[in-house]
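The listed protein sequences derive, respectively, from chains A and B. With the first letter of the first sequence counted as 1, position 339 gets the number 339 in the working numbering; the numbers rise by one all the way through. With the first letter of the second sequence counted as 1, position 256 gets the number 256 in the working numbering; the numbers rise by one all the way through.
If you are wondering where the hints come from, they were derived from the structure by calculation, not from laboratory data. Just so you know, even glycine gets a beta-carbon here, dropped at the ideal spot from N, CA and C. It is possible that part of the hints are untrue.
What the hints assert, rightly or not - Which chain B residues face chain A? A few, computed with CB under 8 Å, are given here:
#: 1; residue: 110
#: 2; residue: 130
#: 3; residue: 148
#: 4; residue: 335
What the hints assert, rightly or not - BS3-like mimics (lysine-lysine), calculated; alpha carbons at most 27 Å apart, straight line:
#: 5; chain 1: B; residue 1: 135; chain 2: B; residue 2: 151
#: 6; chain 1: B; residue 1: 125; chain 2: B; residue 2: 159
#: 7; chain 1: B; residue 1: 233; chain 2: B; residue 2: 126
#: 8; chain 1: A; residue 1: 209; chain 2: A; residue 2: 6
#: 9; chain 1: B; residue 1: 135; chain 2: B; residue 2: 300
#: 10; chain 1: B; residue 1: 125; chain 2: A; residue 2: 395
#: 11; chain 1: A; residue 1: 143; chain 2: B; residue 2: 194
#: 12; chain 1: B; residue 1: 126; chain 2: A; residue 2: 143
#: 13; chain 1: B; residue 1: 348; chain 2: B; residue 2: 321
#: 14; chain 1: B; residue 1: 126; chain 2: A; residue 2: 395
#: 15; chain 1: B; residue 1: 329; chain 2: B; residue 2: 309
#: 16; chain 1: B; residue 1: 34; chain 2: B; residue 2: 126
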Amino acid sequence: MSLPKKIRYSFMKDYGAPALMKMAGMRKKKRRGKTSPLFGPPLRCNDRLKEIITRHYFLSRYAEGAKPVAWVTSGAPVEILRPFDFYTIYPENHGALCGAQKVAPELCALAEERGYSQDLCSYARVDLGVCLTGKTPVGRLPKPDLLFASNNICQTVVYWYKVLAHHWRIPLILLDTPYNFRGIQEGDVAYMVRQLEEMIPELERISGKPFKEEKFKEVIRTAKATSLAWGEVLATMKARPAPMTIFDAFGHLAPVVSLRGLPVALNYYRTLLSELKERVERGVAAITNERKRLMWDNIAMWYKVRDYANLFAEHGMNFVTATYTNAWAETTPHMDSDRPFDSMARTYSLVILNNNLNHRLHLMESLIKEYQVDGLVIHSARSCKPYSVGQYDLKRLLMDRLGVPSVVIEGDITDSRAYSEEQARTRLDAFFETMEN
Amino acid sequence: MHGSRIHRSGGGLDRMTRFQPRPRKEYIREQKEKYGRRIFGVFPAQYPKEIFWAMNALPVEIWDPPLEVSQANAHLQPYICSVVRFGLELILQGHCDGMDGFLFPHTCDSIQNLASIVNDYLGLKKPCYFFYHPKAPYRASSRDYYLKQLKDLASGLEKQLGPLNLDELKRRVHQSRGISSLIKEIYDLRAEGKLRSTNEEFYRVLRQGEFLHPDDFLPLLSEFAGTSRGESKKGPVVIMSGVLPSPPEILTLLDELGVRIGDDDLLSCSRRLLAKPGGSEDPFEALADGYFAMPPCSTKNSPVEERLKHLVQKIERSGAKGAIFYTVKFCEPELFDIPQLVEGLKSKGVATLVMDTELNQGVSGQMRTRVEAFVEMIS
Chain A
1 MSLPKKIRYS
11 FMKDYGAPAL
21 MKMAGMRKKK
31 RRGKTSPLFG
41 PPLRCNDRLK
51 EIITRHYFLS
61 RYAEGAKPVA
71 WVTSGAPVEI
81 LRPFDFYTIY
91 PENHGALCGA
101 QKVAPELCAL
111 AEERGYSQDL
121 CSYARVDLGV
131 CLTGKTPVGR
141 LPKPDLLFAS
151 NNICQTVVYW
161 YKVLAHHWRI
171 PLILLDTPYN
181 FRGIQEGDVA
191 YMVRQLEEMI
201 PELERISGKP
211 FKEEKFKEVI
221 RTAKATSLAW
231 GEVLATMKAR
241 PAPMTIFDAF
251 GHLAPVVSLR
261 GLPVALNYYR
271 TLLSELKERV
281 ERGVAAITNE
291 RKRLMWDNIA
301 MWYKVRDYAN
311 LFAEHGMNFV
321 TATYTNAWAE
331 TTPHMDSDRP
341 FDSMARTYSL
351 VILNNNLNHR
361 LHLMESLIKE
371 YQVDGLVIHS
381 ARSCKPYSVG
391 QYDLKRLLMD
401 RLGVPSVVIE
411 GDITDSRAYS
421 EEQARTRLDA
431 FFETMEN
Chain B
1 MHGSRIHRSG
11 GGLDRMTRFQ
21 PRPRKEYIRE
31 QKEKYGRRIF
41 GVFPAQYPKE
51 IFWAMNALPV
61 EIWDPPLEVS
71 QANAHLQPYI
81 CSVVRFGLEL
91 ILQGHCDGMD
101 GFLFPHTCDS
111 IQNLASIVND
121 YLGLKKPCYF
131 FYHPKAPYRA
141 SSRDYYLKQL
151 KDLASGLEKQ
161 LGPLNLDELK
171 RRVHQSRGIS
181 SLIKEIYDLR
191 AEGKLRSTNE
201 EFYRVLRQGE
211 FLHPDDFLPL
221 LSEFAGTSRG
231 ESKKGPVVIM
241 SGVLPSPPEI
251 LTLLDELGVR
261 IGDDDLLSCS
271 RRLLAKPGGS
281 EDPFEALADG
291 YFAMPPCSTK
301 NSPVEERLKH
311 LVQKIERSGA
321 KGAIFYTVKF
331 CEPELFDIPQ
341 LVEGLKSKGV
351 ATLVMDTELN
361 QGVSGQMRTR
371 VEAFVEMIS
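Isolated chain A (complex conformation) (with noise of 0.2 Å):
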């Protein structure tokens, strides 16, 4: 690390990122228009989580050679990184951000120029795009010193990580976390403990700092508290109406995914709990008419959620649980900094997508039940395979089972190539229909 870079990085973070912020908020306040009568009031912590997000990324900038950097897979346990002070970037969350703002496609198709097929993970490919060119709406992400992934959600971010290491030779560490075909298996918790261990000498090694357990266990203490507040924003919508919906959710789950372990992440959702319970006592619906409450099951399809919240809104619907915004909760229970290694690998073992399908189920059916769900919307992602393969079982399934109708739309997370919205609108269409009856 240079120490121009750390005295630069340290600038940016004291006297930059507050400017920078300041100067973004007094623009926010000349541009606020009107809401629209579908949607309830903004939730008042929008402006804060845009705050985080954007000064995440604008110090990222100045990172490299500053900090060491790691880039992260969302099911990886980002926590061992934190002792080292390892600036930590999301590829998936930065892809998340290029679907939203529609740039997705034109970034694919600059890795499908250079080879990459149009059939692999849309976020992978706006990540090769975004490496093999340098083009980011974010303006610029710094290079990484480590890769560090976990198959825990697919093997896909693995096979994309390692094109990502041959690109810059630098080194992948993988948490290697084998799939629970029937349940947790102690054989497979003691092989994850022992490579969490061994990771920590290449950590010291990357980082060049030592390994403290202290500072881990403390770590571990912040991201448990930070995913159990999660946990409670999202239980908040097992309010009648619904505080928020489940489109909120998917920006309010950024600092969990991409800042956990650090008090900032845990001070917003302190922040954006309090708000949620207010709006509850008070009455305050996300949407206006709240008639039916929805699931959605995979991730965002990040360059439809605005016309969604709408289309759904217009119908008197929200979503109030998904699986997907539910993955970062789910498993926090297991956090216990007492056992950090141990805790650390069944937490993270035990994600939605390291869980065989009846699991799955099993979890679908209660968040019908707890969050009061009529219907159930199922994103069909070309680009997930670990979340999508049996989702028409699923759906089959839970209507057998609990009656709950649903709707399979065939789409893409970030690549709406992939997606027709003529036969989306046709399905749900239907869907609609089957709901008023």
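Take the given structure of chain A and dock chain B to it, following the hints.
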């Protein structure tokens, strides 16, 4: 030994008809009736077949069954690869009803979820085993975990098939070593241009190992090696990388064009068949040695540079002028590696051709044209 009965369609040496496989159904029936063997359907790709053999069970691999897909589409999206789709279709059409169970090695996300669909949702009432092999980059924990997986699989099978005799396992591991050595010898002959066999015949023989019992496969290989020695036809040489040599029409097309596949980097072939179990007295240790000695593979997360180095060695050894990447559409592990492999080979002056295919769909006119243009370029 009963291998000699199963692979000849006649006494002559008609190169188009010799070493034809017997129909799988008939062979499986005979295995059950004559030898009392239990039959397991095994999905791709890497698994310890020796444990099955030692328990008088026959693993029958499911890669590309010749079927029309009609029922699997109710379970799988259109963007799932045809290996998974045809495998599920085989089960749904009832072709596996006579099997005693299934094994799903953890090869990719799609096979992982297919395993869960079959085990959790289809209500088949057949034992389903899952075999997780550790992913690279390997550490000390990887080997210990793999050993544990081997033993767990064996103890799981014991509950269904009775106790595993360790001496029998040692014998089967030894036999497996013999098979791998013979396959290596055949590959060496082919790379050196000393095997008189077409591409189509070479892979037809090799792929019989996907369902033959080793007592039958070993003599088949011996006879093939013995009767096929001789100068290969002159012509350009290529190596083939990808998942499996299917649709096989690509092989006959290359034969027609006078091109020899001098070596391969196919998941179903050299990536798993050439590494023999180690020489340890402990059969589980020997199997672990074999696993970690396997060539680099996308499904094990091997680094791209290792794969590139491996491909270059194959090219140099066989004198190949080009590399054909012949992969199955939607196969993520392969598709992620290919651009950097192509770039690396091109930088070394090796011509490359990338094709992704759907199984059982033959070679389209467009693909044929591309292959012809490629062959012209390297000739």
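So, going through the hints one by one against the coordinates:
1. 110: Result: holds, 5 Å to nearest chain A Cβ.
2. 130: holds, 4 Å
3. 148: holds, 5 Å
4. 335: Holds: closest Cβ of chain A sits about 5 Å from residue 335(B), inside 8 Å.
5. 135(B) <-> 151(B): This hinted pair holds, its Cα atoms lying about 18 Å apart.
6. 125(B) <-> 159(B): holds, 15 Å
7. 233(B) <-> 126(B): Roughly 48 Å between the alpha carbons, so the hint for residue 233(B) and residue 126(B) is violated.
8. 209(A) <-> 6(A): holds, 15 Å
9. 135(B) <-> 300(B): Holds, because 5 Å separates the two Cα atoms, which is no more than 27 Å.
10. 125(B) <-> 395(A): Given pair residue 125(B), residue 395(A) holds - Cα atoms ~22 Å apart, limit 27 Å.
11. 143(A) <-> 194(B): violated, 50 Å
12. 126(B) <-> 143(A): violated, 50 Å
13. 348(B) <-> 321(B): Holds. Residue 348(B) to residue 321(B) sits at ~11 Å (cutoff 27 Å).
14. 126(B) <-> 395(A): holds, 24 Å
15. 329(B) <-> 309(B): holds, 25 Å
16. 34(B) <-> 126(B): holds, 23 Å
Hint compliance for this structure: hints 7, 11, 12 are broken, all remaining hints hold.
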